[in-house]
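Enquirer: Next come the chains, spelled out residue by residue.
Number of protein chains: 2
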Amino acid sequence: MARVINFSAGPATLPLPVLEYAQKEFLDHEGTGMSLVEHSHRGAAYAEVHAETKSLLRELLDIPETHEVLFMQGGATAQFALVPLNLRAPGESADYVMTGAWSDKALAEAKITGDAREAGTGKVDGKYTRVPKQAELDLDAKAAYVHYTSNNTIMGTQFPYVPDTANAPLVADMSSDILCRPLDVSKFGLIYAGAQKNLGPAGITVLILRKDLAERSPDTLNKIFRYSTILNGDSLQNTIPTFPVYMVRNVLRWVRDQGGAAAMEKRNLEKAGCIYDMIDGATDFFRCPVERDSRSIMNPVFRLPTEELEAKMIAEAADAGMVGIKGHRSVGGIRTSIYNAMEPSDVQKFVDFAKAFAKANG
Amino acid sequence: MARVINFSAGPATLPLPVLEYAQKEFLDHEGTGMSLVEHSHRGAAYAEVHAETKSLLRELLDIPETHEVLFMQGGATAQFALVPLNLRAPGESADYVMTGAWSDKALAEAKITGDAREAGTGKVDGKYTRVPKQAELDLDAKAAYVHYTSNNTIMGTQFPYVPDTANAPLVADMSSDILCRPLDVSKFGLIYAGAQKNLGPAGITVLILRKDLAERSPDTLNKIFRYSTILNGDSLQNTIPTFPVYMVRNVLRWVRDQGGAAAMEKRNLEKAGCIYDMIDGATDFFRCPVERDSRSIMNPVFRLPTEELEAKMIAEAADAGMVGIKGHRSVGGIRTSIYNAMEPSDVQKFVDFAKAFAKANG
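Chains as they are written, first to last, in the numbering used here: chain A, 6 to 367; chain B, 6 to 367.
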């Protein structure tokens, strides 16, 4: 079948050249006579992949020497549990900035093993239609860390700024917008991201950890869950999911070849602008529930006049080869996930389709 | 390059038809116009893969209704931590049968969060050259569970029997020999296995859990680490590594097409017999350090007269297209990992090579 345009929220579309490259050498990784998936995680072939993946992340995000790249398993959800277990000492509390389902889950896991509190919220009239501004944050000066979700895939919100948390280390769940634009990594104590949106397929979690924070990992925590273990073991203390890392490397090579994080930002602003312009240019038919300053450039969401029209649009889009635009089941509506890999020309196709749909059904 | 014969201990060789199948549809999964790795873990395409993988495991291992198949992340090492956290209540102790590095690690993680004790050992003169017999097990009648490693990849040992633990649930790390032969799953409380030996690539852990044991998962444990969460969420409570599961499904289809677990046992006995016959037929040159009844049919290990000869054999084997035969760094020697996917004809090639090597260097 012809390639469809895939607006899924994650796992998500990947660059076609990346898929083609992986397919081509799937049976014979770099002339070694075996597939990458068959190589030992301790052998030379995978060691090169591992080192290059870390090196590309360092280069593309301009990661300072104070920070190290780690790979873990379990996605952001495992980090919801592991961040407090590693970074919060007994008796300490942690701050959570609330922007929807993901921060809700992160806070809930943190509360199971200790103290944690809300330090700001984007909730308005019961809905997370915005992110709080810096001045609205209510920070505990003694917090073990401050946690926030930089982009919310369900509500279609994104922080336009990096929160200033004074002395408390800033921890960010960047699963859905890491590498969507340049970033000042020095502002963060920890960044973590499941790979399956901007970085690759599902199955690996990227962490960027300020190295001194690994000293907080307590002896009472199982070794395999300590950041110190992963840091000291170069993420190879046990068998790493080699294929997901390999795919992340291939995606990062593609990002580099496109021009890096700055080129991604330009591309993403163009794509998101295209969709938001369409919405704002036809407010009699389209409506974006998100406050303008909080709009995501990764997951623009919008509503049509009725749920029936939304269902009709989803069906007609699929017929036209555009899939995955149904909003999350908890909020409904339309969601267009346009991560780094999404081509601007494909977004333009969708916008043309949506405008024609509005004209025919408005 | 021509395909090499890969004796790596894991990640390990996979069936060539499985790799070819995955390669062929890598860009277009079953005519959906996108790669499996791009599909949502909540969409119909992956749902089919998920259900079929579970169903094939049930069929091939004849899993009774009392047990459920779960998928988790983090490999066996994460389970070293999670088994006691889920199955051992405060004040309880757990029993560990010791057979080498993997049970050492499992016991060490268990001791971090509570009481655990050795309940038998295969250690002789400081080395794990055998597995203990049933009569040698020293079981605590009140143990929360009894844990053992069914096959040790480093020492080349394997249990020829399933331990009888009376009322205590039996927990097995079967990472390196699951599905190597038929199994009476009803004897187990929990079986867990990293996929990267007999089941597929690295990145997914298969659990077979007696469902009533999920009730033990305590509220004090983070939700994402509770077996009850995984059981109730059908392993889809968060994003699952879709590609590793897909590859496991493809391997299981291959196992089924070969004749199932019984056919694997026949094939594995033939391969292992071929190697052990070679060793026992030339004891002036080859020496297997493992007691006869404890020999693994997955990872036969042996020594040559000198370490220099071992290094020479490893180098000459590589020149002849046979890789991964170097023993684990902690023990040295030669190790031939011959998991399900290893072709008997390739083992025969190795044996022919090894016999010629013995003749030339003996």
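The hints are simulated quantities; they were obtained by calculation from the structure and are not laboratory data.
Idealized CB from N, CA, C, for every residue including glycine.
Mixed in with the good hints, there may be bad ones.
Unchecked claim - PhoX-like mimics (lysine-lysine), calculated; alpha carbons at most 20 Å apart, straight line: (1) B:364 <-> A:228; (2) A:110 <-> B:116; (3) A:364 <-> A:132.
Unchecked claim - Listing some non-contacts, in silico: residues in chain A with all C-beta distances to chain B over 10 Å: (4) 8; (5) 31; (6) 67; (7) 80; (8) 85; (9) 216; (10) 228; (11) 243; (12) 258.
Stated by the list, open to error - Residues from chain A shown here face chain B by an in silico Cβ test under 10 Å; the list is partial: (13) 6; (14) 7; (15) 10; (16) 15; (17) 222; (18) 224; (19) 314; (20) 318; (21) 319; (22) 335; (23) 338; (24) 346.
Enquirer: Taking the least C-beta to C-beta distance, is residue 15 of chain A closer than 10 Å to chain B?
Expert: Residue 15 of chain A check passes; min Cβ-Cβ to chain B is 7 Å, inside 10 Å.
Enquirer: Once the shortest beta carbon distance from residue 319 of chain A to chain B is found, is it less than 10 Å?
Expert: violated, 13 Å
Enquirer: Take a quick look at whether residue 364 of chain A and residue 132 of chain A sit within 20 Å of each other, Cα to Cα.
Expert: violated, 30 Å
Enquirer: Does residue 314 of chain A pass the interface check with chain B, least Cβ-Cβ distance below 10 Å?
Expert: violated, 23 Å
Enquirer: Hey, is residue 8 of chain A genuinely clear of chain B, shortest beta carbon separation above 10 Å?
Expert: violated, 5 Å
Enquirer: Just want to verify: residue 258 of chain A was marked as not at the interface with chain B; is every Cβ pair farther apart than 10 Å?
Expert: Nearest chain B Cβ is 16 Å from residue 258 of chain A, so the label holds.
Enquirer: Quick check on the hint: residue 6 of chain A CB to chain B CB, less than 10 Å?
Expert: This hint holds: residue 6 of chain A lies near chain B, its Cβ roughly 4 Å from the closest one there, short of 10 Å.
Enquirer: Confirm or reject: residue 67 of chain A is not an interface residue toward chain B, with every Cβ-Cβ distance exceeding 10 Å.
Expert: With a cut-off of 10 Å, residue 67 of chain A remains clear of chain B, as the shortest Cβ separation is near 28 Å.
Enquirer: Can residue 338 of chain A be said to touch chain B, with a Cβ gap under 10 Å?
Expert: violated, 17 Å
Enquirer: Is the shortest C-beta separation between residue 7 of chain A and chain B less than 10 Å?
Expert: holds, 6 Å
Enquirer: May I ask you to check that residue 31 of chain A keeps its beta-carbon over 10 Å from the closest beta-carbon of chain B?
Expert: violated, 4 Å
Enquirer: Decide, holds or violated, for the assertion that all CB atoms of chain B are farther than 10 Å from the CB of residue 80 of chain A.
Expert: violated, 5 Å
In the structure shown, a violation is registered for the earlier hints numbered 1, 2, 3, 4, 5, 7, 8, 10, 11, 17, 19, 20, 21, 22, 23, in ascending order.
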